[in-house]
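Number of protein chains: 4
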Amino acid sequence: MTSPQTPASARPLGVAAIGYAFMGQAHSHAWRTVANHFDVPAFEQKVLVGRHGEAVAAAAQKYGWSESATDWRAVLERDDIDIVDICAPGWLHAEIATAALAAGKHVLVEKPLANSLAESQKMVRAAQAARTAGVRSMVGFNYRRLPALALARQLIAEGRLGSIRQVRASYLQDWLVDGESPMTWRLRKETAGSGALGDIASHAVDQVQFLLGDTVTSVSGTLHTFVTERPGPGGPEAVTVDDAAWATLSLAGGAVASVDVSRVALGQKNALRLEVYGTTGSITFNLESPNELYFLDGTEPVELQGFRRILVTEPGHPYVSGWWPQGHVLGWEHSFTHQIRDFLLAVAGGTDPSPSFEEGLGVQRVLAAIEASAAAGGATTLVEPVPVAEPGGRAASPASASRPGSALVEAAETDSHSSIPSRS
Amino acid sequence: MTSPQTPASARPLGVAAIGYAFMGQAHSHAWRTVANHFDVPAFEQKVLVGRHGEAVAAAAQKYGWSESATDWRAVLERDDIDIVDICAPGWLHAEIATAALAAGKHVLVEKPLANSLAESQKMVRAAQAARTAGVRSMVGFNYRRLPALALARQLIAEGRLGSIRQVRASYLQDWLVDGESPMTWRLRKETAGSGALGDIASHAVDQVQFLLGDTVTSVSGTLHTFVTERPGPGGPEAVTVDDAAWATLSLAGGAVASVDVSRVALGQKNALRLEVYGTTGSITFNLESPNELYFLDGTEPVELQGFRRILVTEPGHPYVSGWWPQGHVLGWEHSFTHQIRDFLLAVAGGTDPSPSFEEGLGVQRVLAAIEASAAAGGATTLVEPVPVAEPGGRAASPASASRPGSALVEAAETDSHSSIPSRS
Amino acid sequence: MTSPQTPASARPLGVAAIGYAFMGQAHSHAWRTVANHFDVPAFEQKVLVGRHGEAVAAAAQKYGWSESATDWRAVLERDDIDIVDICAPGWLHAEIATAALAAGKHVLVEKPLANSLAESQKMVRAAQAARTAGVRSMVGFNYRRLPALALARQLIAEGRLGSIRQVRASYLQDWLVDGESPMTWRLRKETAGSGALGDIASHAVDQVQFLLGDTVTSVSGTLHTFVTERPGPGGPEAVTVDDAAWATLSLAGGAVASVDVSRVALGQKNALRLEVYGTTGSITFNLESPNELYFLDGTEPVELQGFRRILVTEPGHPYVSGWWPQGHVLGWEHSFTHQIRDFLLAVAGGTDPSPSFEEGLGVQRVLAAIEASAAAGGATTLVEPVPVAEPGGRAASPASASRPGSALVEAAETDSHSSIPSRS
Amino acid sequence: MTSPQTPASARPLGVAAIGYAFMGQAHSHAWRTVANHFDVPAFEQKVLVGRHGEAVAAAAQKYGWSESATDWRAVLERDDIDIVDICAPGWLHAEIATAALAAGKHVLVEKPLANSLAESQKMVRAAQAARTAGVRSMVGFNYRRLPALALARQLIAEGRLGSIRQVRASYLQDWLVDGESPMTWRLRKETAGSGALGDIASHAVDQVQFLLGDTVTSVSGTLHTFVTERPGPGGPEAVTVDDAAWATLSLAGGAVASVDVSRVALGQKNALRLEVYGTTGSITFNLESPNELYFLDGTEPVELQGFRRILVTEPGHPYVSGWWPQGHVLGWEHSFTHQIRDFLLAVAGGTDPSPSFEEGLGVQRVLAAIEASAAAGGATTLVEPVPVAEPGGRAASPASASRPGSALVEAAETDSHSSIPSRS
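Chains as they are written, first to last, in the numbering used here: chain A, 2 to 425; chain B, 2 to 425; chain C, 2 to 425; chain D, 2 to 425.
With the rest of the complex left out, here is chain A:
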């Protein structure tokens, strides 16, 4: 195990990113712009890594990286690289992340943590070992850093909703609605692991645990494939993953959440919708209108109660002070910029960022339980708890695993918008 190399104070942090497809582009955009908007430690976009030399060179040029490379192992050996941002496909996460951590590089890895539980567990062990040496790791559930959802978390953490009873989380898309759209690797179990479940239910499950600061303990689930066969390269081919999933989740604190995801919900483009119902307040959100949070204050006289549309663009809202004046809305990509900002602050500040690999594994375990429940006809299935590091591991933080939102709330505090002022 190598310790993190050059301290941030001595020279800019060197960053390598691996992958330049959709997620690679989104992460690159964030690295490219974060310092224009936030006070972050100095860093350099050193190298973009990909499999195809020419293509990755063009991408590096386009996205603002100084160089490109095709051998990620070689990059991990470089002394001028302090941070590795893994945007490669899920099946490569474990191998790259464990090697990078072993090399003493701080690691940010796109969600899902990995395609299998075994790999995820291996990654958690690697992260726990690295953490004792001050090496940081984080999984990229970027929606936690949308101002509206960060505000939602704050309101819940401050008790504005009272005790949470119910969550309704759904994530609806429609890009597979056409039964004639062709077979891809995303629709084969051996390459994709699962379908809508792993791809989008993962976000929904993470939000449930993040918003409530709580942990799912058991589930009942159903999976379904509406289009069972699609045109493949050699004729019709069976689709072997789900294109929709439903589950009911029980949380340790007593709340119940429903999760409902689909890739064939015609007309829904990217509708991660969240509804949280507490004893004294409620919240709703839709990712298609990401600057809006709807909040109902149940302590008002009932004749004045109603869901209010908060346009989350005030300077006092999470992350917004880095951007534009009130009413000038942000987009989807800004969640990645905020993620990089918090990751850099954690690396420089010597703290463990959230969501940790443990939290990423926690989501994977819930998804695995849903899959197992579905296979058993919906029977209630327990979620295996996430392992906590041994006592010896000083930096191991059971708290951060059990309170997924804590790091953000703390980060937010340093950002001087720790809490919404009370009514005067």
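Hint data in this document are derived by calculation from the structure and do not stem from the laboratory. Hints may contain errors.
Capping the alpha-carbon separation at 27 Å, the derived lysine-lysine pairs in DSS-like fashion look like this [unchecked claim]:
1. A:K123 x A:K190
2. D:K123 x D:K63
3. C:K63 x B:K63
4. B:K63 x B:K123
5. C:K123 x C:K190
6. D:K123 x A:K63
A short list of chain A residues far from chain C (calculated; beta carbon distances all over 10 Å) [said to hold, decoys possible]:
7. A119
8. A158
9. A245
10. W247
11. A253
12. Y278
13. T281
14. A369
15. A380
In this text, a Cβ means the ideal position worked out from N, Cα and C, and glycines have one as well.
Knowing the structure of chain A, use the given hints to seat chains B, C and D on it.
The following block gives chains B, C and D in isolation, referenced to the frame of chain A:
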């Protein structure tokens, strides 16, 4: 001048309605159902009056009236008729209403008060004279009795919005969007008086004065006819009324209101939209969703401010306790039921209902000023004040003319929902 | 078995209603107004029946019934009664309905059909027997008669949505959100049968089957009680019914529906929300805005696709021609008026109205399966099929049981709005 | 007059930006990211210019400029600068822009074109002269480049709305709602020129002309200052600009538009709302939800008509192909990125970008007419036409002045989304 005849305590009030077209049907429906939902003095649907004997007899039968008649003058002479509800076309309002008041009948007249200012003034004089004898009169701006708008008035009267600065009032419809739809009496100045201005801007102007409890003092206006010619019985015929109107209104208390109405706003079906902006709160409303009032409390921390959707169906909301449990919404027609309820309570209680004929004339004067301003190319035009009854006229109430909402607020108080409880 | 007595042509149909609480008031309102708006066979509001003589007499007077009575059995013996409208509590449905049918009275019964499956089955047998004698029966799933949902059914039946894949049905209320609100009979299993499941999931399940014209064949369900103890007359008392329920339903035609109901969803007042996703179109609806149907036409170019808000108030929309011009919205209660209208037309026309008792039993069977699945930890549970009358039973109509919407579509056809015109 | 210096093919275009406040930051962000998302000619962020050496150096470092400078005149003399982006305050626009054009630099200037008509006219003359030498100029009405509004323009240009009758344009903000917020240079006529009129009505007026491809010919206007005195450095000071404005605009093609802007509309943060009503279609938009365009197709059967919410995030929508997959929304700032993209393409392609300085002057003239009308009590006031270059000026393009949207539509065409596919 005859005094109102039999006291309400002795026998049920006898009601005659004149007119059985659209408005006649709406009023009949209200008479038919009001006692099923509200505690009102006993009354009987005695007679429906119309020009065509057979048709009015069928309508009387259908809408629940005991008899029908074709001669309204004869009906006014009947001792068993205490109340006359005038739903006849506007050009008949003045003649019937003054005769009915002179005969000691309480009068409810559909808006607009009359087609001309001269007629309206005559009606006001008749109402003022009758009032001294305890005869009641009211003009039917029914939207004041929608629970959501009655609630809006309460919130403003209670100071929840602070001092009002701006109102945006528009009323958009689209039933004349087709340039080939034929000529009708509504599109000829000699029969209709005006177009969108008199028909729908009247509601918008009444709401501005009602919600603010204030009076328009000057205006700048524009009228326009988009479809200048339509198929008539003998070939193309010129449209001689406006199909859209715009105006800026100055109110005595310092607020400025914009009014914007159209019959060719394709896709808007019945969109009376109101936005009221005060120093500490704001309100918006749309008649197409009449159970919803949007309210923003500007005294909250700015990070939590937002327009909240109040579903105005709580028992504590104006008029709602007569109906269904929370969340079971009312429709357009209920405004007429509430209007009848308040009118009956005023008649039985010996108080003057609002909106009075003076208030109806007040709206007409604003419309006349808009028309005059438009004719003068938009030049600012003063609104002539509404005459107040002579000092001798005991019941004359300048206050009710200048505070259009007062009667409703008082009526509401008797209904045990005088005010929204304060925050505890 | 008595045949229906006097033919409708001979004298007005005599109607008796049993019950005068919330539902009794809603039905009375519908009887009181239906003939003012629709061409229906002549009828008379003869008698209102209730347990408490004085109270039912007052209610009869208020709601427009000629007389009142306390003994429903005596009323069933009257020759002048042709129709019995049962608004009594669920535990009385079976006894009254079977007796009324045996007496040759046409029966409309509020949903749910009965509190137990055994009673429901008995009622179905009674209805099947009566049907052979021309005696009609119907269960009151009134939301089928909201214009927006009737339009939704039309669009689906006409194939506008293609093949339906997914339905999301939820019904959220909040009247039990306060943990201190007292114990009532509705919260005890012995009196209420179930909680949110029977009360509001029944509507959601009926809509799923109605809109798709399909039948649920198996379910996976979860029930939960968030507030397990409430103040009772003699101290804290255990709540023995669910206050929220979740289920995944498989339909015979291959669609999957999720159902999600709650009485503690703070801020949701009466939110029956429906989302139907097909291969070429989608629909959404919310009962809190019942005049609006959202429709997405997936055959448009994707750049122009979007959920359009149809304000269902055009004369060509189901039921609307009986009411007001476009844009003048209807309320919750109108669904009952339309229900009475269709019931009267069926009675007079000699056809069987829908939803039949079989359809009511069908909903009960689905709810029973959800309850059984929940008790088994969510395990997939088959829904027992609804029995169809023997071949001898001439009027028995398996078709109407399997195609729940057919009768309405036919009724709608007679109403001259059988189908939305195609694009020209 | 100098010709543009080095051809774009020889070396990257050198860019200088002047100003680093709010608009400077927004433009810098756009320069920083445009090449990561769009194929644009090579360029370099050479130098950022500001008055305060230290501050501008920090800003240059933060926003990605290679150097900083304090003397813009010296920068104009540099041979390596091809493009000058003017984000300095309005009173400096004319001086810098005319000097830059004279030096052969392509100029992009923030809106408004200038603070006075005299300056604006001077700038137009300079632009017309420079245009003959191939030097390009553009004014930054960035909202034209929001995908939703670019799509709106396309739909209107393609005739989807038929002939436009009415536009309702409003721009509501609330940052001056607090009467105690202090005096600033923006509230003094001598420094700001005007208040809400110049600042936000300018956007509304530009959109009216852009969307319709038409020109305002006369106006009737009203200005108002609600808070007439604010705390100044030496005690209370008079506010000498408007904080709200209203106007009715007549367009050459026969349409009428209303414009309504305010800085005290409590709860409205950045609500540029547009409603366009045509004979066969309508459109609405709100800048607070900038990814959504609402479109009503009036050629559908009326029973199916409704405003559809188009989420303008499809690859086929204007500008979107440079960004993320469908449903991943963009923010306010992207309009600037698209503006830079189109400006660069015009510079490299040798075409004149739109909006031209003539179009900027056109907006100023409308605002001046509103001010004059308001001063005359609302009297109808003609808008002075914008001068067109002399015949000798080869590149002078009266067409682009009279058809404000044409350049964008053409630019869009090169982007392979020239038009929305017709229905098949």
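* Is the Cα-Cα distance between K63 of chain B and K123 of chain B 27 Å or less? -> Not satisfied, since the Cα-Cα distance of roughly 35 Å exceeds 27 Å.
* To do: Taking the shortest Cβ-to-Cβ distance between A119 of chain A and chain C, state whether it exceeds 10 Å.
  => With a cut-off of 10 Å, A119 of chain A remains clear of chain C, as the shortest Cβ separation is near 27 Å.
* Interface-negative label, A158 of chain A against chain C, beta-carbon threshold 10 Å -> holds (18 Å)
* **Separation of A245 of chain A from chain C, once the least beta-carbon distance is taken, above 10 Å** => Incorrect as stated: the minimum Cβ-Cβ distance to chain C is 6 Å, not above 10 Å.
* To do: Beyond 10 Å from every chain C Cβ: check whether that's true for A369 of chain A.
  => A369 of chain A is indeed farther than 10 Å from all Cβ atoms of chain C, at 17 Å.
* Asked: Would the pair K123 of chain A and K190 of chain A pass a check requiring their Cα atoms to be no farther apart than 27 Å?
  -> holds (21 Å)
* Non-interface label on Y278 of chain A, tested against every C-beta of chain C at 10 Å -> violated (5 Å)
* To do: Grab the minimum beta-carbon distance between T281 of chain A and chain C and tell me whether it stays above 10 Å.
  => violated (8 Å)
* Given the proposed pairing of K63 of chain C with K63 of chain B, does the C-alpha separation stay at or below 27 Å? -> With Cα atoms ~20 Å apart, K63 of chain C and K63 of chain B stay inside 27 Å; holds.
* Examine each Cβ of chain C, and state whether all of them lie more than 10 Å from the Cβ of A380 of chain A. => Contrary to the label, A380 of chain A does not stay out of reach of chain C, its closest Cβ about 5 Å off (not over 10 Å).
* Asked: Does the alpha-carbon distance linking K123 of chain D and K63 of chain D stay inside the 27 Å limit?
  -> violated (34 Å)
* Quick one, are K123 of chain D and K63 of chain A close enough, alpha carbons at most 27 Å? -> violated (39 Å)
In the structure shown, a violation is registered for the earlier hints numbered 2, 4, 6, 9, 10, 12, 13, 15, in ascending order.
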